[in-house]
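Asks: For reference, the chains in residue letters:
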Amino acid sequence: MIADTLTSPVILFFVLGFVASALKSDLTIPEAFAKAMSIFLMAAIGLKGGVEVSKSGNTAEVMVAAAAGLALSFLLPVLAFALLRSVGKLSKVDAGAVAAHYGSVSVVTFVTAIELLTGEGLSPAGYMVAVLALMETPAIISGLMLVRKGENMSGERSTTPWHEVLTNASVMLLVGSFVIGAIAGSDGFATVKPLFDTGFRGVLCLFLLDMGLIAARRLMQSRKMTLRLVILAILLPLVNGTIGTVVGTVIGLDIASAAALGILAASASYIAVPSAMRLALPEADPGIYLSMSLGVTFPFNIIFGISIFAALAQALG
Amino acid sequence: MIADTLTSPVILFFVLGFVASALKSDLTIPEAFAKAMSIFLMAAIGLKGGVEVSKSGNTAEVMVAAAAGLALSFLLPVLAFALLRSVGKLSKVDAGAVAAHYGSVSVVTFVTAIELLTGEGLSPAGYMVAVLALMETPAIISGLMLVRKGENMSGERSTTPWHEVLTNASVMLLVGSFVIGAIAGSDGFATVKPLFDTGFRGVLCLFLLDMGLIAARRLMQSRKMTLRLVILAILLPLVNGTIGTVVGTVIGLDIASAAALGILAASASYIAVPSAMRLALPEADPGIYLSMSLGVTFPFNIIFGISIFAALAQALG
Amino acid sequence: MIADTLTSPVILFFVLGFVASALKSDLTIPEAFAKAMSIFLMAAIGLKGGVEVSKSGNTAEVMVAAAAGLALSFLLPVLAFALLRSVGKLSKVDAGAVAAHYGSVSVVTFVTAIELLTGEGLSPAGYMVAVLALMETPAIISGLMLVRKGENMSGERSTTPWHEVLTNASVMLLVGSFVIGAIAGSDGFATVKPLFDTGFRGVLCLFLLDMGLIAARRLMQSRKMTLRLVILAILLPLVNGTIGTVVGTVIGLDIASAAALGILAASASYIAVPSAMRLALPEADPGIYLSMSLGVTFPFNIIFGISIFAALAQALG
Amino acid sequence: MIQTVPRKRIEILVDTPLVPRIVGKLKAVDISGWSVIQVDSGGGRAGEWQHDDVTGASAKTIVLAIASDTKTAQLIDAIAPLLDSYGMLLTVGDVQVVRGERF
Amino acid sequence: MIQTVPRKRIEILVDTPLVPRIVGKLKAVDISGWSVIQVDSGGGRAGEWQHDDVTGASAKTIVLAIASDTKTAQLIDAIAPLLDSYGMLLTVGDVQVVRGERF
Amino acid sequence: MIQTVPRKRIEILVDTPLVPRIVGKLKAVDISGWSVIQVDSGGGRAGEWQHDDVTGASAKTIVLAIASDTKTAQLIDAIAPLLDSYGMLLTVGDVQVVRGERF
Ligand SMILES: Nc1ncnc2c1ncn2[C@@H]1O[C@H](COP(=O)(O)O)[C@@H](O)[C@H]1O
Ligand SMILES: Nc1ncnc2c1ncn2[C@@H]1O[C@H](COP(=O)(O)O)[C@@H](O)[C@H]1O
Ligand SMILES: Nc1ncnc2c1ncn2[C@@H]1O[C@H](COP(=O)(O)O)[C@@H](O)[C@H]1O
Ligand code: NA
Ligand code: NA
Ligand code: NA
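Chains as they are written, first to last, in our numbering: chain A, 1 to 317; chain B, 1 to 317; chain C, 1 to 317; chain D, 1 to 103; chain E, 1 to 103; chain F, 1 to 103.
Any given hint could turn out to be false.
[As the list claims (entries may be wrong)] Some chain E residues judged to face chain F by a derived CB distance under 7 Å, without partners named:
(1) Leu-90
(2) Val-92
(3) Gly-93
[Said to hold, decoys possible] For lysine-lysine, the following BS3-like pairs were computed, each having C-alpha atoms within a straight-line distance of at most 25 Å:
(4) Lys-27(E) with Lys-24(B)
(5) Lys-193(B) with Lys-193(C)
(6) Lys-149(A) with Lys-92(A)
(7) Lys-224(C) with Lys-27(D)
(8) Lys-27(E) with Lys-224(B)
(9) Lys-193(A) with Lys-224(C)
(10) Lys-24(B) with Lys-193(A)
(11) Lys-24(B) with Lys-71(E)
(12) Lys-224(A) with Lys-27(F)
Read the hints as simulated data drawn from the structure, not as lab findings. Backbone N, C-alpha and C fix where the C-beta goes; we use that ideal spot for every residue, glycine too.
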């Protein structure tokens with residue numbers, strides 16, 4: 001599958017962005033356009049997931065997958081925190097902030113995985129979109145708890161941004177479109193399908209072009225990255241992704257969905273969690289968590305991770 | 001039709017935006033993207049209207065509908081002004097500014113109505129797009145005349161923004177694309193149809209998501225809304241919409257077009273007129289006219305108004 | 001072909017923008033949207049060109065066309081410089097800056113030409129996209145050399161912006177998507193075709209609407225344009241376009257590709273070159289080069305030039 | 001040493017639809033130039049607001065102009081009557097302009 | 001002559017996600033209004049950055065407020081403890097506000 | 001009382017393509033940081049302009065830097081020769097920076 005991945009336009013556009021940025025080209029995607037594309041992509045996968053669930057309605061399986069996702073998002077930061085403290089030599093605050101990123105998920109990694117997996121005939125179940133939404137924010141809470149454990153908190157820092165966590169933009173949009181898809185069903189979706197289905201892959205290309213630009217820029221502008229952190233930014237997705245794939249297989253998900261759960265576990269947030277961390281842990285250094293998640297883990301997952309966890313799920317399944 | 005409306009993705013996205021905003025979520029649509037979508041929607045309906053007119057060419061009917069639209073836009077503010085002064089307890093200046101909004105029209109309400117009506121097998125005539133463009137700005141003139149009546153004007157305020165009224169962006173774009181559609185005809189349109197037709201409904205979904213966000217925010221941030229004004233913001237569309245539907249039926253429009261004329265009369269401007277009022281009547285409080293038209297009347301029309309005037313037109317027709 | 005051109009929606013939207021701007025309408029396209037559209041158009045033609053080359057693979061012909069394009073971009077500024085100095089009465093610095101624009105190319109003029117030519121059954125070869133990319137920047141070097149010839153350069157001005165020239169955004173994007181298209185081939189392209197192919201013409205309409213707005217505004221706001229310069233802004237595309245078409249025919253390109261080479265030669269840059277000139281020749285007046293290339297030459301080429309060089313190529317071919 | 005001249009830095013916060021009016025006033029008192037900066041959001045007595053392009057009517061903008069003392073005084077006289085109805089905010093600070101004789 | 005009053009022009013450069021916190025502080029010391037301007041890019045000890053909406057977390061913003069001397073002093077006291085951890089930049093200048101009694 | 005230090009607030013209005021050049025000058029005189037704000041439109045001797053991304057060449061930008069008196073003087077010396085050909089506008093004002101020893 002790696003070979004297919006590397007000749008897919010979706011991945012090639014990511015590479016193009018990465019190269020352009022590394023060459024310090026002045027190629028940039030207007031931010032408003034990038035944000036528009038990410039809104040489009042989230043609405044589209046939300047809708048598609050909802051429509052599929054409205055067709056199948058396998059509720060027990062959905063509940064199990066949802067519980068597994070929630071548990072992973074809550075617990076993966078604990079392992080990450082330990083590794084970041086010991087191997088990464090990070091301060092408690094920085095380790096907690098980074099750990100939260102790795103417990104949470106990257107929507108674009110998931111979307112790219114769906115595209116690549118589907119291209120290989122491995123379509124994850126529609127409800128995985130709901131699992132994605134559920135995994136976005138619990139990690140924020142555990143990351144903060146890890147930082148505060150045994151600490152006598154005072155002043156500004158003691159507040160958990162509950163409101164931000166619960167009404168987070170991507171959660172709202174994913175859950176909202178999922179529900180709309182479920183209500184509208186196939187017939188209702190048919191009317192908007194031309195945009196949300198036809199345009200999907202092309203938009204993903206242009207979005208990954210931008211992600212390539214941003215990832216390479218992050219990597220070059222970061223002054224805080226040590227070799228230890230770079231290694232962890234590859235090790236953590238490998239470990240988390242393996243855990244996720246195994247859990248998915250154990251709880252009885254089909255191969256494609258188990259792979260998708262693995263990829264969710266392997267992916268690291270770069271939207272919801274950074275904003276929450278900036279607010280709740282302003283002392284944590286954004287240079288560290290953004291460089292690790294955007295600069296190293298995201299490219300690693302896009303180019304290698306997806307294929308690795310797909311192979312693992314197939315081997316286990 | 002109300003039931004169909006409430007399960008249509010188009011309306012559900014509006015509701016999603018409204019709910020997200022009410023929950024104070026940080027979900028936002030970049031303004032440049034929102035403006036791009038509104039340009040797209042206007043170009044698309046302009047083109048489609050023009051193409052249809054190029055096919056039918058029922059000139060007499062078009063002239064009558066255009067005259068009716070112009071008259072409604074000029075005269076509806078008079079009634080609204082009286083109600084806003086007496087029931088609404090607004091000052092002369094504020095009442096004139098609000099009245100102008102209700103004489104003018106909302107393009108998105110019209111577009112949504114076309115989508116929902118067409119979904120019910122009720123396609124309004126293509127020339128209704130021209131009527132929409134004609135109704136945009138006359139109300140600005142009558143609103144200003146109502147304010148100035150019997151007043152000894154001096155200084156800045158005495159100028160009517162004729163230039164802004166006549167070269168207004170949405171009028172330009174609607175009329176321009178209408179003419180382009182009429183010149184290009186079905187064959188010329190075929191070449192651009194993939195974008196303007198295929199993408200239409202999906203774009204409308206995302207645009208209404210933004211409108212939901214904006215409407216709820218308006219409603220929450222407005223400090224000037226009294227219960228009287230909220231009631232008027234529901235009463236005015238009901239009254240104006242009934243007048244519009246009746247006029248449409250009387251002048252012999254088909255059922256769908258009469259409903260569309262009713263919806264145009266019921267809708268209130270939130271783009272062209274606020275800008276013109278800010279310029280021509282700076283003393284009028286934008287908090288009042290924007291909250292009424294965007295915060296109350298727009299949602300009311302989208303969710304209830306369209307179905308109401310469709311039912312009325314069917315009952316009368 | 002002129003008649004077809006003038007009823008094509010693509011051109012009519014350009015005219016609409018031009019008229020709206022001339023009437024000082026407040027119609028504007030958000031810049032982020034305009035830039036997004038230009039990124040989309042470049043990615044789309046790059047991909048399509050690459051896919052076509054992957055199918056044919058006529059290497060010798062490609063090399064010849066590429067060499068011709070490079071030579072034209074390097075040499076056309078010499079003639080232009082002489083005319084701008086003698087007829088245009090421009091200073092050395094201004095003449096060099098303007099000459100660079102006319103040696104380089106306009107992507108949108110090329111894209112519009114492809115659309116209009118294809119509509120007439122004249123499809124230029126896929127590799128012309130690579131020629132387009134090659135012609136973007138050599139003219140910058142020759143323009144600077146013309147200015148510096150015989151001059152004792154010192155200080156800031158003596159630096160050629162090599163890095164900007166080589167990693168220029170549009171070159172990166174065109175070449176990158178071309179390579180992606182060539183790697184992905186027809187099968188890979190099929191997956192993203194719905195966006196990049198289906199949406200193409202519609203996006204071009206909206207982009208030309210914006211170009212019309214900008215061109216007319218440029219023309220009205222320019223205080224530096226003399227009658228001599230206006231004449232040159234029409235003469236230069238005629239001369240360069242004729243040279244390009246003749247060269248194309250002589251080196252054995254098919255009729256459509258020879259016309260496309262003519263149009264490339266006739267077109268003047270308004271993105272890559274102005275930025276490079278601002279940096280390398282800050283003393284040159286941007287009011288002159290932008291007004292000539294955007295305000296006069298671009299509209300001339302879109303409306304007349306494309307048809308003229310198509311006719312010339314057919315007469316010669 | 002490079003020469004600097006003392007000038008006023010005028011900052012006018014105003015509703016975006018009114019910018020042409022303000023520019024008109026600047027021209028009327030012969031101020032040679034101005035620059036317009038978009039404001040994203042804000043809050044005041046009338047509540048909080050965010051920029052949204054859908055209804056441009058509620059967007060706000062800063063008009064920035066560098067001018068001599070005399071022209072600044074003339075501008076203030078010309079604009080002050082509009083301050084209340086337009087809901088503007090007009091501040092004037094002191095700056096040194098490098099090679100700024102022309103302002 | 002139109003009346004002007006001396007006021008402070010407070011400029012706070014801060015990470016965009018923290019703006020609500022700053023606005024909270026402004027309200028706490030009863031400053032009547034503020035305006036938010038988006039910063040596009042910049043550089044400092046922590047390196048260079050560009051605004052990108054994809055990860056809004058690294059975007060920066062200027063919060064601009066006009067206030068009296070007293071309220072400005074109160075605001076500084078309230079914000080200073082956060083300066084280091086938030087990585088803010090806080091400057092205060094003098095301006096004349098036309099008809100600015102209310103600020 | 002929180003400590004403030006007097007610093008210069010340097011505002012450079014410049015064509016967007018030239019920003020890297022200005023940043024180079026800032027670094028050359030060792031100014032520790034800068035922030036870039038986009039200008040939307042404006043007018044001057046060369047006529048009026050609006051920002052459009054299609055030809056970024058005519059866009060304008062403000063580079064804002066807080067610096068000590070000494071570094072400000074060095075910057076002015078370094079930039080002044082470019083003022084005319086680049087069509088820049090360079091103003092310097094006085095501000096108090098809260099806890100601003102590092103600037
Ligand atoms: N007095 C001024 N105050 C503020 N901005 C100015 C001033 N003069 C010029 N500008 C800005 O600098 C640009 C170029 O000015 P000019 O070189 O005079 O055409 C103008 O378009 C404005 O954006
Ligand atoms: N003290 C202030 N400092 C900065 N901006 C202000 C201030 N007061 C008001 N504004 C801005 O002016 C707008 C209108 O203010 P107001 O008329 O008080 O509602 C606000 O939304 C702010 O953007
Ligand atoms: N001296 C300065 N003048 C203007 N802006 C600055 C200055 N120093 C820092 N900044 C801004 O503050 C951000 C963070 O600075 P720092 O904490 O030094 O990395 C920079 O990226 C700039 O946008
Ligand atoms: Na994860
Ligand atoms: Na109406
Ligand atoms: Na050329």
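Asks: Could you tell me which of the numbered hints above are not met by this structure, giving the numbers in increasing order?
Replies: 9, 10 and 11
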